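Chain A is already provided as a structure; the job is to place chain B on it using the hints.
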Amino acid sequence: MFEDRGNTIELRGFLHLNTYIRKKFGTMPVIFDLDGEITGKDLAKRLNVPLNEIEVIFVNGFVQGLDFVIKPGDRVALLPPGCPGPYRIALGFYGKNQNNPANFKIKERKLKNLY
Amino acid sequence: MNKFIRVNMTTKKAKFEDVPNKYKMLGGRGLTSNIINDEVKPTCHPLGKNNKIVLAPGLLSGTSAPNSGRLSVGAKSPLTGGIKESNTGGTFSQQMARLGIKAIIIEGMPKDDKFYVIRIDKDDVIIEEAPEEALNGCGNYEAVKILNKKYGDKAGMALIGPAGEYRLPSANIAFKDPESNLRAAGRGGLGAVLGSKRVKAIVIDDTDAGRVPIADPDKFREASRVFSKALLEHPVSGESLAEYGTDVLVNIINEAGGFPSYNFTKGRIEHADNISGETLSATIKERKGEGMVSHACHRGCVIRCSQWYADEEGKYITSGFEYETIWGLGADAGIEDLDAIASIDRAMDDVGVDSIEVAVAIATAMDGGLIPWGDGKAALEIVKQMAKPTPMARIIAGGCAIVGKLCGLFRVPVVKDQAIPAYDPRPIKGIGLTYATTPMGADHTAGYCVSGNILKVGADIDPLKKEGQIEYSRAMQIGTAAVDSTGMCLFVYFGIADNPDGYQAMINMINAQYGLSLTAEDIDKLGEDVLKVEREFNRKAGFSNAHDRLPEFMEYEPLPPHNVVWDFTPEEIDEVFNF
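Going line by line, the protein sequences match chains A and B. Residue numbers 0 to 114, in numbering that gives the first Met the number 0, belong to the letters of the first sequence in order. Residue numbers 0 to 578, in numbering that gives the first Met the number 0, belong to the letters of the second sequence in order.
Chain A on its own, in the form it takes in the complex:
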C-alpha cells in the first residue's frame, strides 16, 4: 500500500488495455472505486476485460496472478500477453500465471476484439 486512497485503487492498463482504459475512463491512471477487497479476476469482470486478455497483474509493483486479492489503496496494473520473453522469466510471470487463462499456452489463445 503506497498511500491512503480511501476505498479506491490506482488502476493502469498496458499495451492494448492502455487504450481500452483510456477510452472507457478518459484518463490514465484511473482512480477506481471498490466496495472492499476484490480478486484480480473479479476486477477484470467489472471492467469487462476478458480473462484471456490478462497474463498477469501488478499489485504495488509485484507480479501477481488473477486470484490475488486486491485491497483498497493498492496500485494495480493489468498486463495483457505481450511482454518480451526474457523479462517474463526475470519478473517472475511463470510463477504467477499458471492458473490464468492467458498463460504460456498460446496455441489455444484466441484474440477477441475488445472494442
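None of these hints come from the bench; they were simulated from the model. Among these hints, one or two may not hold up.
Listed next, with one range per pair, are the computed distances between beta-carbon atoms [said to hold, decoys possible]:
#1 B:Tyr261 / A:Lys44: 54 to 64 Å
#2 A:Glu36 / B:Thr264: 40 to 50 Å
#3 B:Tyr315 / A:Lys44: 41 to 51 Å
#4 B:Pro559 / A:Pro49: 30 to 40 Å
#5 A:Gln97 / B:Pro559: 25 to 35 Å
#6 B:Asn544 / A:Lys23: 21 to 31 Å
#7 B:Tyr261 / A:Thr26: 21 to 31 Å
#8 B:Lys314 / A:Lys22: 51 to 61 Å
#9 A:Gly5 / B:Arg298: 26 to 36 Å
#10 A:Pro49 / B:Asp122: 56 to 66 Å
#11 B:Tyr315 / A:Pro49: 35 to 45 Å
#12 A:Lys22 / B:Thr568: 23 to 33 Å
The model shown is predicted, which means the values in this text are computed figures rather than measured ones. C-beta: ideal position from N, C-alpha, C; glycine also.
Only chain B this time, still in chain A's reference frame:
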C-alpha cells in the same frame, strides 16, 4: 559461406582465404570471438595496430529463414578492455552471406592519416580513399547519401561517423538498413577500432551473387515454416513488438519498480506515460506523415519491432527507437519529452555513438552537475558537438565510467566500464548476475535465450529473491551465445520461449542447411564454448573474478519503491560461470 576476406590496412592489401576447418561450423558471435581469441594479442591496445576487427554473418544468414539477417562484429573493446561482440541488423549480413563470405577480418593500420573505403564485390576487394565530403564532421545520414551516390543504393554499408573518426570510446558502427537509414553495432566502442584503422566505410555489392546453398531444401522449408509460425502466433513477436516496439517495456519495468531513474536513485518515475511504447505508437499513428508503427530492419524479419518516428509535421526523425535509448534519456536523465528524446537519438545515430552508453553518460553527468537534470536541449547540443568534438562532447562520449570519474562520483552504473542498461539489478536480480558476469561488460542482451523447457529454468523465479537466479543467468547466457552465432535476431526468443517446437525448428533449419543432425544439447554446447573462449580472452587481457561485480553503491543504496539492495556474495556470483 566458404571464404574469409582479410584486409591489411598497413599494406592496404586484401586477400581471399579458405576457411580453416576449425571455423567451418561457427558463425556470428561464435566466429568473431574465436578469431579474436586466436589472433589478437589480449594485452594489445584496442586502438593500436595489433587489434583486429571481425565482421561475421550467422550460420543461417542469407537464407530465407525468418529474422536471420543479423551480423556480429568483434574486436577488443576500447570501452571495456575486454572481448566484444556487438550485433546489428541492416542488409550487410545477408549480402555477405550471399557472396559466400564467412568473415571479414581487418587488421593493421595505415601510416598515413587518410580515411579509406573497403569495397567488396563478387570478385574483388578494393581499398580506396574515402570521399572528402563524407569526412570531418559529416553526419552518418549525409555520409550514406554521398556513399550511395558513389556505390549505389543497393550496396550494403558499414560506416563510422565522426565519433569513430575521432576514436571516441562510445563510437558505434552504423549499418545501412533497406531504406538507407541507420542501424548500429552499438556497444563497446567498435567504431573507434574501425576509426583507428582509418576505415570510414565497408561497402558490399552482392550483384550476381548466388544463393546460399541448402543441403536439404525441403527440410529447410518445413522447418522455416514452423519457425515462422511460432513467431507470428506469439502475442509478443506477432503483435506487441510490431505495435509498440521494444518501448513496450517502459510501463512494465516501471511498474515492476526496476526502471532505473535519475542516475539509478529511483526505480519508478511519474512521467512513464510520456515515454511509453503505448504513447510512442499512438503518437506515430496520430501524426501520420512519414511515421510508421512497424518496420523491418532487414529483409525476412517477421517481427518488425522497428518503427519510423516522425515529428509534429510528419517528417521522419528516427527509426529503431529502442526502449533502452528512451529509458536512458527519458528516465535515467529525466528528459520528459519524447520528441526531445527522438531528436537526441537521431543526433546520436548521426555522429555515430552508442545510444545506451551516451544516454547513461549524460545522466551521470547530470548527477555530477555538468548538465541540468532533464535538460533535453543541453543534451542535444552536446551530442551534436561530437561531430567536431568539444572537450565537453569528448567527456560525454568517453562513456559513463569516465564521466563518473571526472565528476568525482561513487554512483557510477557500469560493469567493466560499460554502462548498465535499463533494468535495475536490485529488484530484478537475475539480470544483475548477467550484467556482472558476462564477458561483454554490462549488457542486457547477453542473457536473452534458453533452450529447452522454460519452466525448468524460470518457473519459480521471484525477481526480488536469490533463489534460482544463478541457474537462470547461466542458462540465459549460454542460450544467447548460441543464438548470437546463428545470425538470428535475439528477439526470436520472445516467440520461441513458450513454444519448444519453435526452438527445435531453428535447430532443424541449421541441420537442413548444413546437412547436420545437431540437437538442443549440441547448441547448448556451442553456447558454452563461445562463453569459455570469451572468458579466456578476458583472463589473458587481465580480467579476473573481481571484475565480475556490480558497482558497490548498489550494495548500500536501496532502490525505491521496493527499497532493495544488491545482495549476492562474490562466491555466489562466481557460481554463474561454474560450468
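Here is how each hint holds up against the structure:
1. The given range of 54 to 64 Å is broken by B:Tyr261 and A:Lys44, whose C-beta atoms sit roughly 39 Å from each other.
2. Between A:Glu36 and B:Thr264 the beta carbon distance is about 34 Å. The supplied range of 40 to 50 Å is therefore violated.
3. In this structure, B:Tyr315 and A:Lys44 meet the distance hint of 41 to 51 Å, their C-beta atoms being roughly 44 Å apart.
4. Judged by the Cβ atoms, the range 30 to 40 Å given for B:Pro559 and A:Pro49 holds: they are separated by roughly 34 Å.
5. Take A:Gln97 and B:Pro559: their Cβ atoms lie about 30 Å apart, and the range 25 to 35 Å holds.
6. Between B:Asn544 and A:Lys23 the CB atoms are about 53 Å apart, so this pair departs from the stated range of 21 to 31 Å.
7. For the pair B:Tyr261 and A:Thr26, the beta carbons lie near 26 Å from each other, so the given range of 21 to 31 Å is met.
8. Between B:Lys314 and A:Lys22 the beta carbon distance is about 29 Å. The supplied range of 51 to 61 Å is therefore violated.
9. About 56 Å separates the C-beta atoms of A:Gly5 and B:Arg298, a value inconsistent with the hinted range of 26 to 36 Å.
10. A C-beta distance of roughly 60 Å is found between A:Pro49 and B:Asp122, which places it inside the suggested range of 56 to 66 Å.
11. At about 37 Å, the CB distance of B:Tyr315 to A:Pro49 agrees with the hint of 35 to 45 Å.
12. Remark: the range hint 23 to 33 Å for A:Lys22 to B:Thr568 is contradicted by a beta-carbon distance near 50 Å.
Checked against the numbered hints listed earlier, the structure breaks hints 1, 2, 6, 8, 9, 12; every other hint is satisfied.
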